[in-house]
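Participant: For the record, the sequence lines run as chains A and B.
Using numbering that gives the first Met the number 0, the first residue of the first sequence is number 0, and each one after it goes up by one.
Using numbering that gives the first Met the number 0, the first residue of the second sequence is number 0, and each one after it goes up by one.
Hints listed in this document are in silico derivations from the structure and should not be mistaken for laboratory results.
Misleading hints may appear alongside valid ones.
[As the list claims (entries may be wrong)] Here are the simulated DSS-like cross-link-like pairs (lysine-lysine), alpha carbons at most 30 angstroms apart as the crow flies:
| no. | chain 1 | residue 1 | chain 2 | residue 2 |
| --- | --- | --- | --- | --- |
| 1 | A | Lys137 | B | Lys242 |
| 2 | A | Lys237 | A | Lys174 |
| 3 | B | Lys131 | A | Lys111 |
| 4 | A | Lys174 | B | Lys242 |
| 5 | B | Lys242 | A | Lys111 |
| 6 | A | Lys13 | A | Lys32 |
| 7 | B | Lys110 | A | Lys174 |
| 8 | B | Lys144 | A | Lys110 |
| 9 | A | Lys239 | B | Lys242 |
| 10 | A | Lys137 | B | Lys268 |
| 11 | A | Lys364 | B | Lys144 |
| 12 | B | Lys144 | B | Lys9 |
| 13 | A | Lys51 | B | Lys242 |
| 14 | A | Lys301 | B | Lys165 |
| 15 | B | Lys9 | A | Lys13 |
| 16 | A | Lys364 | B | Lys165 |
| 17 | B | Lys242 | A | Lys285 |
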Amino acid sequence: MDLLEYQGKQLFAKHGVSVPDGRHAATVDDAVKAADEIGYPCVVKAQVAIGKRGKAGGIKIAKNADEARAHSEAILGMDIRGFTVHDLWIEGASEIDAEFYASIILDRGEKKLLAMLSRMGGMDVEEMAERDPEALVKQHIEPGDDLDPEAAREIAREAQIDDDVVDGVAEMLVKLAEVSATEDATLIEINPLIVTSDREVIALDAKVTIDGNSLFRHEDLAEIRDRSAEDPQERMAKEKGLTYVKLDGNIGILANGAGLCMSTLDVVAQAGGDPANFLDAGGGSKAEAIVNALEVITSDEKVTAILFNIFGGITRCDEIANGIVEASDQIDIGVPLVVRLDGTNSEEGLEILAGADLDNLHQEKTMLGSAEKVVELA
Amino acid sequence: MSIVVGEDTKLVVSGLTGREGSFHGLRNRDYGTDLVAGVTPGKGGQGVDGVPVFDSIRESVDERGANTSMIFVPARFAAAAIEEAIDAGVETVIAITEGIPVLDMMRVYWKAREQGVRLIGPNCPGVLSPGKANVGIIPAQFFDKGSIGVVSKSGTLTYQIGNELKQAGLGNSSIVGIGGDPIVGSDFIDVLKLFEADDETELIVMVGEIGGDAEERAAEFIAESVSKPVVAYIAGFTAPPGKQMGHAGAIISGSSGTAQAKKDALEAKDVRVGTSPTETAQLAVETLGAKA
Numbered sequence: 000m001d002l003l004e005y006q007g008k009q010l011f012a013k014h015g016v017s018v019p020d021g022r023h024a025a026t027v028d029d030a031v032k033a034a035d036e037i038g039y040p041c042v043v044k045a046q047v048a049i050g051k052r053g054k055a056g057g058i059k060i061a062k063n064a065d066e067a068r069a070h071s072e073a074i075l076g077m078d079i080r081g082f083t084v085h086d087l088w089i090e091g092a093s094e095i096d097a098e099f100y101a102s103i104i105l106d107r108g109e110k111k112l113l114a115m116l117s118r119m120g121g122m123d124v125e126e127m128a129e130r131d132p133e134a135l136v137k138q139h140i141e142p143g144d145d146l147d148p149e150a151a152r153e154i155a156r157e158a159q160i161d162d163d164v165v166d167g168v169a170e171m172l173v174k175l176a177e178v179s180a181t182e183d184a185t186l187i188e189i190n191p192l193i194v195t196s197d198r199e200v201i202a203l204d205a206k207v208t209i210d211g212n213s214l215f216r217h218e219d220l221a222e223i224r225d226r227s228a229e230d231p232q233e234r235m236a237k238e239k240g241l242t243y244v245k246l247d248g249n250i251g252i253l254a255n256g257a258g259l260c261m262s263t264l265d266v267v268a269q270a271g272g273d274p275a276n277f278l279d280a281g282g283g284s285k286a287e288a289i290v291n292a293l294e295v296i297t298s299d300e301k302v303t304a305i306l307f308n309i310f311g312g313i314t315r316c317d318e319i320a321n322g323i324v325e326a327s328d329q330i331d332i333g334v335p336l337v338v339r340l341d342g343t344n345s346e347e348g349l350e351i352l353a354g355a356d357l358d359n360l361h362q363e364k365t366m367l368g369s370a371e372k373v374v375e376l377a
Numbered sequence: 000m001s002i003v004v005g006e007d008t009k010l011v012v013s014g015l016t017g018r019e020g021s022f023h024g025l026r027n028r029d030y031g032t033d034l035v036a037g038v039t040p041g042k043g044g045q046g047v048d049g050v051p052v053f054d055s056i057r058e059s060v061d062e063r064g065a066n067t068s069m070i071f072v073p074a075r076f077a078a079a080a081i082e083e084a085i086d087a088g089v090e091t092v093i094a095i096t097e098g099i100p101v102l103d104m105m106r107v108y109w110k111a112r113e114q115g116v117r118l119i120g121p122n123c124p125g126v127l128s129p130g131k132a133n134v135g136i137i138p139a140q141f142f143d144k145g146s147i148g149v150v151s152k153s154g155t156l157t158y159q160i161g162n163e164l165k166q167a168g169l170g171n172s173s174i175v176g177i178g179g180d181p182i183v184g185s186d187f188i189d190v191l192k193l194f195e196a197d198d199e200t201e202l203i204v205m206v207g208e209i210g211g212d213a214e215e216r217a218a219e220f221i222a223e224s225v226s227k228p229v230v231a232y233i234a235g236f237t238a239p240p241g242k243q244m245g246h247a248g249a250i251i252s253g254s255s256g257t258a259q260a261k262k263d264a265l266e267a268k269d270v271r272v273g274t275s276p277t278e279t280a281q282l283a284v285e286t287l288g289a290k291a
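Looking at chain B on its own, in the form it has when it is part of the complex:
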């Protein structure tokens, strides 16, 4: 098994006719993902490198059996595209787009919950299940197949850790980029639940950063409901309060959302927290070794 995307994934890409959408969509197909359709309103009937393009996501579901939608449309249209995907009856929506207004995401978040659709992102690199499927922009060459699940707010930081795991001879069940926005469709807890239930995953690496309290909430959840070992990393110890550090959600508000508070909350629940990406990968290697 793997989580969120896998051999059963039938992918439709909203924005497949755009530059980024076609580049990454076709890259995902080359990796082995079953790319069944693209969607661009007004361009139905066209094709992108042999992939049929439809006017609506609904048509791609009806005619091509799409069950997973990737959103690659510009920020101002992205919330509507996610809503369209939710209404079209796909199981999973993965939103890569950066810069969606947060109050739009608040509305979309609740819509996805109510209709039982799994939403990943926005402002995320997507999901990779090595050897099975890649949906998004994660460079698959840095990850091998294996038993470590990774859930992360950051793209490049994940590649860094994945590459260090690979060099240590370890691989991943799935890598899930949840995104760095203040409101994301799936939080650490949602993904931890999936990894806990996944046979292939033996250990979970959780990569967080300053802002919000998702890491603190995850710490509580891990203590109560996760039996598998979890190793964590938190970025942003040197970030000053009140400054947005790149990601819309990476901001310390007053005294809340600091890296230290997150580290303390995780360590209080016996989750080991690495001081650098390198040390985090080493902790994962050590923990798996000790378990074996």
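Next up, chain A with everything else stripped away, as it sits in the complex:
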């Protein structure tokens, strides 16, 4: 689960990581009120889960209340590469002496948390790595241990951070590692981490990813989860407890199991089709889940054909078939449905479908055959 900048900063503040004074606002009036409280100049920042907001016009400096109002009106509701701005973060403008980069990420390969620091901030990490790979200092943290303050100072010195702020930067790294461990953050990135003209070390941005599996022990974070799904189908799927990802195409997909579903998308694409979604019906799917899934898939107006690719293991094909029959009673599917049932109870499933004699239903025996068929019908 990716946090918005302001949610990340609120989390930082809770753990004593220095951030600029800021307020959240969802309306223009609240934004102006927040700006008045903070004082001018201040910055009006669009809160969307995508980078390069500044270039898109989503970050503006306001020198007075009129400007705060004008910027808030312009930014609220703005579309930034597919994300509508519903939230603003108003914060005090900082005078910047230097921009650094700091992060704590889960290194999956090494199975350890990795601290990274560079004196080249404000650009993306890949660009940084290209321009000067040695400027990025990396240090793993031993599992179960905190980041040792002396080790953090060593990282800062190695990254050639100015002497007078080595302690401040090191202290920030230690706190970030603590945020990661206690809040189950698998990624914390601050870019830029700034040194102000008063030589204070402050997190000017916050990119935080929380492990979705850990939300049962973070009630406060679990609450913000529901608002993260922007897309109407994704929101609907989430409410129905389905694993769904919206894509750009027109062929609705349902498969059982994440791997088989990804593979189905690939095979449809190879056959010349364009998948509309990823939907894993999961192990042991019952009829009700199939009805829900078809509701979500058909609510996407772009969908012109649907493919069900089921290889039953724990999942029983007769349950899936019953779900399809039930769904066609309850909702108007309205587009061709190609079904491939193989594995556990596939014969029973195929009989149920044949007996129901549904319009627009096409059975295929193989995964590749079903992909070709759905592309033909879409």
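We have chain A already, so just place chain B on it with the hints.
Facilitator: Relative to the frame of chain A, chain B by itself:
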């Protein structure tokens, strides 16, 4: 021989008194797995269909000689159950549970390594050695006994490939589901090592997916240390960056972890990569035919 589970497996199931645990545990027993015990704290002394239940894994090891533990407990208690199994002295822990926090798994991973316990999973379908033992939720009817080792991040994709191999008249030495989480107890390399040393295995099918760099690391390892032919499949070419595709670990971060990068890394080391599960099974058939 076979790997991870076999005729010597003495299985204890954590969560045997639960609905899923009893269903699959007893199914494993029906297949021929030596199910010696169940564990549920507070339910020691009870039984599930003739299988004795203990309060702790330690007791099942002491009294029933359990050497393999299967974890079927809910996610929030699963890390502790794995740790209990590691401390109880079993050789192998197979964790089926999905949804364990990754930082818990990071701690558990290192604990298992330090104590020399083989951990498979979590969020995996388990391990099947056809004709010998089945520990987990893999439907055994799609796999015959044979000489192909399968190691996979995905359950259903494995069943699909196994079924195609079976239809081609081929079978498997062992099928190991390593799971789709960001941190798993055993990675491709750990399992490739076991298959390389296994007399029964002649060819290895490796099934990967987007996210992380386990496939890239495996490619290096295959080039250096695996003499047996390896055929691979990678899922997720159409997955968009930044979206989690079902499995917690199946996510492209920035430009890393893409299916194309994994395919390229494997092909650079002369590992053949199928474009679909069907083609992957065909490649395995072809390669074995050419070898014979």
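Participant: I'd like to know which numbered hints this structure contradicts. Please list them from smallest to largest.
Facilitator: Violated hints: 2, 3, 8, 14 and 15; rest satisfied.
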